[in-house]
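Work the whole structure out from these sequences, hints included.
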Amino acid sequence: MSKPSSAFSLPPVVSTLIAPFPKTPMEAVLSAFTKRLVARRPELLRRLGAVVQVPIAIVPDDMPHAFLLSLDETKSNVSICEKDAIADAKAVIRAPFLVLLGLLDGTYDGDALFFTRDLRIEGKTEYVLALRNTLEEAELSPGEFFGLSGRSAGWVNDVSGRLLDKARWFAARSAGKAGSMEPRH
Amino acid sequence: MVNSSPIELALGPCLFNWSAEVLLDFYKRIAEEAPIDRVYVGEVVCGKRMPFTDSVWPDVIEILTGAGKKAVLSTLSQPVNKRERQILLNQAEYDMAIEINDMSMVPACNGRQFTVGPFLNVYNETSLGFLAKRGALTWCPPVELSLDAIQKVTALVPEVEVELFAFGRLPLALSSRCYHARAHGLRKDSCQFICERDPDGMDVATLEGRRFLAANGIQTMSDACHFSGLTSGHLNSIGIRRLRLSPHTTDMVQVSKLYRRYLDGLVDAEEFESLLEEQNLPGPLCNAYLSGEAGWKRTAIPA
Amino acid sequence: MSSSNQKRMELVCPAGTPAALRAAADAGADAIYCGFANETNARNFPGLNFSSEELAKGVSYAHARGAKVLVAINTFAQAGQTCVWEKAVDDAAAAGADAVIAADLAVLDHAASRQPDLRLHLSVQAAANTPEAIRFYAETFGVKRVVLPRVVSVPEIAALNREIGVETEVFVFGGLCVMTEGRCSLSSFATGKSPNLTGVCSPPDHVDYKEDQSGRLQARLGGFTIDSFESGHAAGYPTLCKGQFSALGKSGYLFEDPVSLNAFELLEDLSKAGVTALKIEGRQRGKAYIAGVVRAFRQAVDGLESGIDARSAIAALKSFSEGGQQTAGSYKKTWR
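Chains as they are written, first to last, in my numbering: chain A, 1 to 185; chain B, 1001 to 1303; chain C, 2001 to 2336.
Don't take each hint at face value.
Said to hold, decoys possible - DEER-style ranges, computed between Cβ atoms:
# : chain 1 : residue 1 : chain 2 : residue 2 : range
1 : B       : Phe1193   : C       : Pro2155   : 19 to 27 Å
2 : B       : Leu1137   : C       : Lys2144   : 27 to 35 Å
3 : C       : Thr2334   : B       : Asn1110   : 32 to 40 Å
4 : B       : Gly1111   : C       : Lys2272   : 44 to 52 Å
As the list claims (entries may be wrong) - Beyond 10 Å from chain C on every Cβ pair, some chain A residues (computed):
# : residue
5 : Gln53
6 : Ser160
7 : Gly161
8 : Lys166
No wet-lab data here; the hints were simulated from the structure.
Glycine included, C-beta positions come from ideal geometry on N, C-alpha and C.
And the structure:
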């Protein structure tokens, strides 16, 4: 499915650079950090409710691969797969990569992104909502995700925050406009 | 305790903008021919319609009462201005049975008996018990309430008799905006009473042309025609005393006779439903609110 | 723009999660409303709302920043289950909530008789829009504030305030019910679940989105197609009242467009009309919305006294609105 370039889309050059990243170690790292996060914040599983153990596909428009996320008390798992290999997913979330990151750390409001069509969902809407609301509560700063605390977390958050701001600014500039959506008339 | 006296029939208030002449003819025929025990009269949906039909109600009440039917004044569901509020206060003083459809009327009816209409949000035994202490005698539950829920309430508040909404397009929503006016490019304040063009409501379909809803001024209704196919025994076991048939342009005398014959055991359920479908109904039959499901569906209600 | 004779209006802000509550308190909310994670409140969505422990912590956090916490127990108790709603009232009181917001006679009765020290607000779901109805709730249950249904215009609010002895609270931003709140069963007609029955409008487990090759997004509710957005056109919530239908041989938004409320332009009029509190809708929204909207309206309300212009802060909120569009709704009589 093609999607017109949004103000949030990564410039093609960035997408091309990301493409050859090794898949297996990245999966291992993401899965390990997700497991640790769930272990550290068991109350998040209660909030997730019915989404526990349900595979959800997260598909960045501007990256070559999709992520399959499955959350569970003990065996949370993140796998990286081809975009056409997500048939097992009960719900699919599609958006530019920066939008997905912004949802993760609470920079963006999910409903607003849905209204502007920057975020698209398919499948079981209730799972997407449960996941989105749980992430809202998780307040996932990059430091929190990597299980850091104190000064090191602050440092990671600072650096990644500045990088993300830059990336968003750069994406918006290369898309050539401030907002991606005209109001409907 | 199962009450085995026959289930009564009531004719609900006319929810549509029918002219005074049409109303008079309609109720004359009901008085003469319909096996209906009580009739709710008066304008319930839109206060702007009232001046056109005000004059007809005293005659209608006299005709109905003369024919041995109990007439109950049903009142406005959403009073919005001083005039409408004053009308309600005056109506609370009338020496006749009254149905209230807005909480505004609870204090005005203090010390007298009243029917709790389907537009009041009474969903549980405590709420109904509260109103019973203030004079509620009869309760017509909100249309979305299931038989299970109704049964729980009747078991705990046996002193209030229950009347089930049992025929007609479902009244689903009220608004301050008039959708008839909006669809015709008008505003509520200058609506030209355009809702009179659709005596059963204005059909509303999905973009794919699937029948769905109906607009009736500030009210939104179902396209489908709700019905209760419960036997007298089943209704009695739930604690329901009476069925409410909501007026439509189809022959309501025939509809009420059909319900009467079914409740009296003279036709079986299958025949009842097929005979009902032969009437000129405003939409296809539906009944799934009774089983706690989506109201548009038609389902088999377990006995 | 001075209005020294009027009291400063209170800003009442939504929170669907403890994180959102903190965001609202930090952004300058005077009060924050939230609900328990069950059918006792009208935003009963998956992943949303508070446990009793989370509420107690939230109350401490808010109180430390000078904000009150109001607990919405604003659905209608299910037959045979009223104890669940009663427990919610008791839990709210135990958590130190400043008030509960209720609509059901059963809930109000329990709160008034069992928790007499707990302040009671009448929820918009009670749809009390006349002095008679409001006085009934005030005199019977000691309700101190009524949240007005979005059916009244500003002059009508002013007239109402002259006739009643309790505070009024009105919605100023966010999702907009087109039908009278608490008097709408459209959702259950299509899905079996509704605000009054289950605390949810357009339940997500009955919502289905499909985007075709051309980028056209179709929204379905309970199997009924309720809207269709062309590629590049802004979308809205999957609610029936803001869907497209056909009637009289034409297709379009029969009830209302996908649009959100923004009554910023009317703040001074609302203040003059005697309104006590301004409410922001959106317990289902993210922290970004809460922080952005609360901050902008904080500026706007303070601006009524200080004269500081909040227009640009308010204008930035447009992207939070359904369909990218805003309306003053029923506050202007022409909306009808």
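Do the hints match the structure? See the list:
| no. | hint | verdict |
| --- | --- | --- |
| 1 | B/Phe1193 <-> C/Pro2155: 19 to 27 Å | holds, 24 Å |
| 2 | B/Leu1137 <-> C/Lys2144: 27 to 35 Å | holds, 32 Å |
| 3 | C/Thr2334 <-> B/Asn1110: 32 to 40 Å | holds, 38 Å |
| 4 | B/Gly1111 <-> C/Lys2272: 44 to 52 Å | violated, 39 Å |
| 5 | Gln53 | holds, 15 Å |
| 6 | Ser160 | holds, 17 Å |
| 7 | Gly161 | holds, 14 Å |
| 8 | Lys166 | holds, 19 Å |
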